Amino acid sequence: MKYHKPKTFEEAAQIAAGSNGVTRFLAGGTDVLVQLRSDVVTPDDLIDIKGIDGTKAITKRGDGGWDLGVAVSGAEMMEHAELKRDWPGLVEGMDLIGSTQVQGRATLVGNLCNGSPAADSVPGMIAAGCTVSITGASGTRNVPVEEIPVGPGRTALTKGDVISAVHIPPRGARGGDAYLRFIPRTEMDIAVVGCAVNLRLDGDEISEARVVLGAVAPTVVLVEDAAKAIIGTALDDGALDALGATATAACNPIDDKRGTIEFRRDVAAVLAKRAAKIAYSRAKGGQQ
Amino acid sequence: MSKHHVSATVNGDPVEYLCDPRETLLDCLRDHLGVMGVKEGCGTGDCGACSVTVDGRLVCSCLVLGVEAEGAEIGTVEGMGTEGNLHVLQEKFIEHAALQCGICTPGILVAAEALLKKNPDPSETELRYWLAGNLCRCTGYDKIIRAVMDAAADMREAS
Amino acid sequence: MPEIHLWSGLRHLAGGEEIVAVEGNTIGQMLDALVAKHPRLEPAIKAGVSVAVDGQIKPNNRASKVSEESEIFLLQKLRGG
Amino acid sequence: MALDSGKPKFKYIGTRPNRPDGLDKVTGRARYGADISAPGMLHGAILRSPHAHAKILKIDASKALALKGVKAVVTRADFADGLSGEDWNIQENCMAGEKALYDGHAVAAVAATSALIARDAIKLIDVDYEPLPHVTDVDAAMAEGAPVIRDGAADYSVPEGLHPNVVRYFESGRGDLDEGFAKADLVLKRHYTTEAAHQGYIEPHACLAQLGADGKGELWCCTQGHWYVRQMCAAALGLEVSQLKVTPSEIGGGFGGKTTVFIDPVALALSRKAGGKPVKLVMSRSEVLRATGPTASASMDIKMGMTKDGKITAASGTYRMQGGAFPGAPVDETTVLAFANYNIEHVHHVGYDVMSNRPKQAAYRAPGAPMAAFGTESIIDEMATQLGLDPLEIRLKNAVKEGVRATYGPKFPAVGLIETLEAAQSHDNYAVPLGPNQGRGVASGFWLNWGGDTSASVAISEDGTVAVTVGTPDIGGSRASMALMAAEAFGIPYENVRVHIGDTASLGINEPTHGSRATYASGLAVIQSAKECIQKLSKRAAEAWGIDPDAVIWEDGFARPSGPNAGEFEPMSIAEIAGNMSSSGGPISGHFEASPETYGGSFGTHVVDVEVDPETGRTTVLRYLVVQDAGKAIHPSYVEGQFQGGAAQGIGWALNEEYIYGEDGRLQNPIFLDYRVPVASDLPMIDTVIVEVPNPGHPYGVRGVGETGITPPLPAIANAIAAATGVRFTKLPLTPPRVLAGIKAAKNA
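From first to last, the protein sequence lines stand for chains A, B, C and D.
Heads up: the first sequence is residues 1 to 288, going by my numbering.
Heads up: the second sequence is residues 1 to 159, going by my numbering.
Heads up: the third sequence is residues 1 to 81, going by my numbering.
Heads up: the fourth sequence is residues 1 to 749, going by my numbering.
Don't read these hints as lab results, they were simulated from the structure.
Any given hint could be a false lead.
[To be verified] Straight-line alpha carbon distances no greater than 20 Å define the calculated SDA-like cross-link-like pairs of lysine to any residue that follow:
no.	chain 1	residue 1	chain 2	residue 2
1	C	Lys58	D	Pro413
2	A	Lys2	B	Glu70
3	A	Lys277	A	Arg141
4	B	Lys118	A	Ala81
5	B	Lys118	B	Glu70
6	A	Lys257	D	Ser595
7	C	Lys77	D	Glu611
8	D	Lys411	C	Ser50
9	A	Lys5	A	Ala173
10	D	Lys731	D	Glu611
11	C	Lys58	D	Thr620
12	A	Lys56	A	Gly21
13	D	Lys9	D	Pro694
14	C	Lys77	D	Lys731
15	D	Lys123	A	Gly285
16	C	Lys65	D	Ala594
17	A	Lys5	B	Asp55
18	A	Lys277	D	Asn89
19	D	Lys747	A	Lys84
20	C	Lys65	C	Arg40
21	A	Lys7	A	Ala173
22	A	Lys257	D	Lys747
23	A	Lys228	A	Arg274
24	A	Lys2	D	Leu116
25	C	Lys77	C	Met1
26	C	Lys46	D	Asn89
27	C	Lys46	D	Pro694
[What the hints assert, rightly or not] Among the chain B residues that face chain A by a calculated CB cut under 10 Å, a handful are:
no.	residue
28	His4
29	His5
30	Gly84
31	Asn85
32	Val88
33	Glu91
[As the list claims (entries may be wrong)] Pulled from the structure, derived: some chain D residues nowhere near chain B, Cβ distances all over 10 Å:
no.	residue
34	Asp21
35	Arg31
36	Asp35
37	Ala66
38	Glu171
39	Lys183
40	Arg440
Bear in mind that the values here come from a model prediction, so they are computed numbers and not experimental data.
Note that beta-carbon positions come from the ideal geometry of N, C-alpha and C, so glycine has one too.
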């Protein structure tokens, strides 16, 4: 295994493009090192991108949105009061990954590129409408997060592509987001079901919404029917029931060591309803 | 396979080592620098026995490559206190019988110290969640939690 | 003669008897006498048994004394954990 | 809180001094299995079978041997021939012979100049496997047509007509079941299962081994019992036992799992093959989970009869347990202990020890008892609910006490079950009001404890301080207890005693720290050795004074004339006598070598409150109480620690821990991420009450306390969940999917 520490994303992309074997980008390393230690993946070229300027930056844009460097850790996001105030659901989704120690290293982009349908930070990013910059051979392009995962452990990135920044939209007025996941213990598990809800209110009514489920299908899924079920409502019981039903219907889960199909369908509905209530309360200015 | 030369500090002392890029910081601390208070319980970031601080940030040293530590300041249990001048946490762990086999103790001490630096007055729940990545199989955590809470109270009083 | 109580799984190897009276001043002598009386018990005794003498379980002590009055039970071989 | 009642007052026993190894362990200085290196040391790695069951047709290590830095490759051919019985089982488990018997079974090993090279080298070993059908479930393994793990492994006890995977059979009981059930107002029959759980010690197995062609070797390893290690390694490698010296490291948890060997013989074989160079071998966590010994899994049928007022009239249990690809599932303990808490006239147990394609089970804290308790304490609880009786009252009504004939035959000596039940009843936790979706569970448990081969020595140093050497590795603070007992016996300060764990060359044979025996047996040995020293010290004083040794008494660290008739002499301190040791007859030490048998069993009762989320099936433990009989708590903090640790492990086993095998027979969760032991945020504080019903067989009344604590939590948690949800669960673990499915099924019914 060769270790590289490029100074620019272009250089990083070139190293990856020129590699004859398996490449991995290293930021937080909380997946890469586990795979290395357990002999699942030993890259031929390991490209540490933390030497590139700006990868540790959290920057508020002029439009009120945020740009995050790709090596910003979960702990750094949690410690950023303003970011957390704007996007509590997104930040909490990141914070739920692993232990305090893992939080010291783990990153949004790493979680995304690992390609797991159970990735805790990805539903929140998709619900928020985040995009990522991808630097490749033909320059840098901007892609919505939901287009990155294509299957368990697989992403739309091709050889020589490296994600170089995360962009979070402006929060704007009367918006709120939330992420909940179900795990058997209180900490340290992989999500059995995850659900992020991001919405905006007009009066008491929901005017915009995005509902995203994790760990219930081969990829994280943006559930448009679920959003429709609550748009135009004040999240009354009927809307919540419809939300739950659409969430269950959107599941295409598997039975595995972490949960059953039936359990995932049931709990998807439960979490969708609970997360929607929190997001709704936050949009109204609640502190939940 | 070429090795990398790394310069860093461990508990304030300058160190240098040569490492294979596949070696973790945990491997380097133990095998190249003889810092044996750092333990490997899982190698996958699930047990916290290898907890250290890197530039003040609590991490699992099994999830950091040795080569990544270039220029870093690393803190381990060996740097917390010395015989005759123990850290309050170390004293309280002994006093409260907060260890049985003791293999998880160095990691828990390092993690608890990192918490108390950030939050000198944690609630029991905050403490339990902070330490959720530090497995202890002997104690059921009860006496560990009591020891840390007691140490935090003493440290608040002293400051 | 001391009497040995057999656990029920052993009884079919001892002609259906639940209590067997045998000569012996020690556990070892008693077990040897038991096997002499009921040879089909030999593999069971060889595989190891625990002997309770007056309520105290003696896992592996052939030299331990027993008397006419002792209440003796054979138990499956018990191990520490 | 200790419930003390008019027993002798102690000066040191029952106090809570700092443990002697505390400083080492909070500074990172303590040396565990993987913490030692030697000059010229090689690193080992083990190649493991990816198949659950396969013939090993050929092993080609030529590519591995060609790799630079590789110094030796060993396979089964490098071990001794002609073993039988448990020696063969252990050897076969450490290194597969003709067949790989489970996923993770060792098939070859490498020693190389670095750990990375060793890991690379095992990937270069080519093994030709012929995969065979496999079975990992206990009921499936004894069913007709199940793949045969190994023919001819069954012992004398197995009746004809059973599957060859059934290797041992037990049947015991008394009375007449029909008569007993006929007297009952309520008879209930239930099927229960428990999954295999791993001890989950945080320190993976590790050793540093050196063995020359002359058959002389040294081994440093983390173990609960180094004499066992020595014997097993000597057998596996064909060595004379005394030629091998084993030194125990500090041990990072064992809980029974480190009473046997997995890697030590392999490391020795590698060293021998590498020309006697030292070899360090350290397991990874996944190796620990795949290839060391979890406990057995169990499938049980329990039937119980009860009168309206809660008297148990009869009980029967059939226990089928798989302990991996070898005999040894603890079904003997399970059947003995099944109903041992209760005074039952008509009782019957049947047990099957079954082999399957899983790793060889090892002891795990009260082996066999938690499964037994899950069946018995669950069915009693369900019957109490049906009869409208209080769960503690129903247990008090049937509880055993001194003089009652145990279900396994003999009469009980003084035991403390009733005392634990009464203490639980009067504890505040039992009166806390519960909210919606909350439930309270109660269960009792028992472990017989153990004595076993014990050798210790106590030596007086020149300054009158005392060096104690015991052979039982200190897992949970036993050096503190030994020092307290020695201090009490001598009447000298705790700080003046230093306790060492001796290597295999320094004492007679010792059984491991198992069976909750260390504080009882090694403690007894230390006290008796101290008494021998005191006799000698007193004799030296008598000689100095020119009086009869019988006229000297020992008090608070001083020899004194026994009374005015003995003469008028200034008391002589232990330091003074010791200072003159060389000029008064030479060294003074005391020894103990025996297998003490006066261990007393320990009963415990647990009370737990849980809340179950009715929409997700997740259980939260709200509060937990452990009440247990310690006989006499030598160091109460470490007694409480044992109670709390046992409870936490039991809670894990009840809720989330399990071995999950796939269709392919491979372990699906060989990582702490998915083998889910409780984390700090999963648990509340664990309240404890130490009950003290002294063990008449120990000078200070000690009963072992380590194991009983894991026995009640399985049923206590299940009973609490039943109270919270109204649904009875009979299959562990009680994972959220399982609980939610049960709640839904009950709703739909």
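Hints, one by one, checked against the model:
no.	hint	verdict
1	Lys58(C) to Pro413(D)	holds, 14 Å
2	Lys2(A) to Glu70(B)	holds, 16 Å
3	Lys277(A) to Arg141(A)	violated, 35 Å
4	Lys118(B) to Ala81(A)	holds, 15 Å
5	Lys118(B) to Glu70(B)	violated, 25 Å
6	Lys257(A) to Ser595(D)	violated, 46 Å
7	Lys77(C) to Glu611(D)	violated, 41 Å
8	Lys411(D) to Ser50(C)	holds, 15 Å
9	Lys5(A) to Ala173(A)	violated, 41 Å
10	Lys731(D) to Glu611(D)	holds, 19 Å
11	Lys58(C) to Thr620(D)	violated, 43 Å
12	Lys56(A) to Gly21(A)	violated, 28 Å
13	Lys9(D) to Pro694(D)	holds, 13 Å
14	Lys77(C) to Lys731(D)	violated, 28 Å
15	Lys123(D) to Gly285(A)	violated, 58 Å
16	Lys65(C) to Ala594(D)	holds, 15 Å
17	Lys5(A) to Asp55(B)	holds, 19 Å
18	Lys277(A) to Asn89(D)	violated, 59 Å
19	Lys747(D) to Lys84(A)	violated, 41 Å
20	Lys65(C) to Arg40(C)	violated, 25 Å
21	Lys7(A) to Ala173(A)	violated, 39 Å
22	Lys257(A) to Lys747(D)	violated, 25 Å
23	Lys228(A) to Arg274(A)	holds, 17 Å
24	Lys2(A) to Leu116(D)	holds, 15 Å
25	Lys77(C) to Met1(C)	violated, 24 Å
26	Lys46(C) to Asn89(D)	holds, 18 Å
27	Lys46(C) to Pro694(D)	violated, 35 Å
28	His4	holds, 7 Å
29	His5	violated, 12 Å
30	Gly84	violated, 30 Å
31	Asn85	violated, 26 Å
32	Val88	violated, 20 Å
33	Glu91	violated, 23 Å
34	Asp21	violated, 7 Å
35	Arg31	violated, 7 Å
36	Asp35	violated, 5 Å
37	Ala66	holds, 17 Å
38	Glu171	holds, 36 Å
39	Lys183	holds, 42 Å
40	Arg440	holds, 19 Å
Violated hints, listed in ascending order, are 3, 5, 6, 7, 9, 11, 12, 14, 15, 18, 19, 20, 21, 22, 25, 27, 29, 30, 31, 32, 33, 34, 35 and 36; each of the other numbered hints is respected by the structure.
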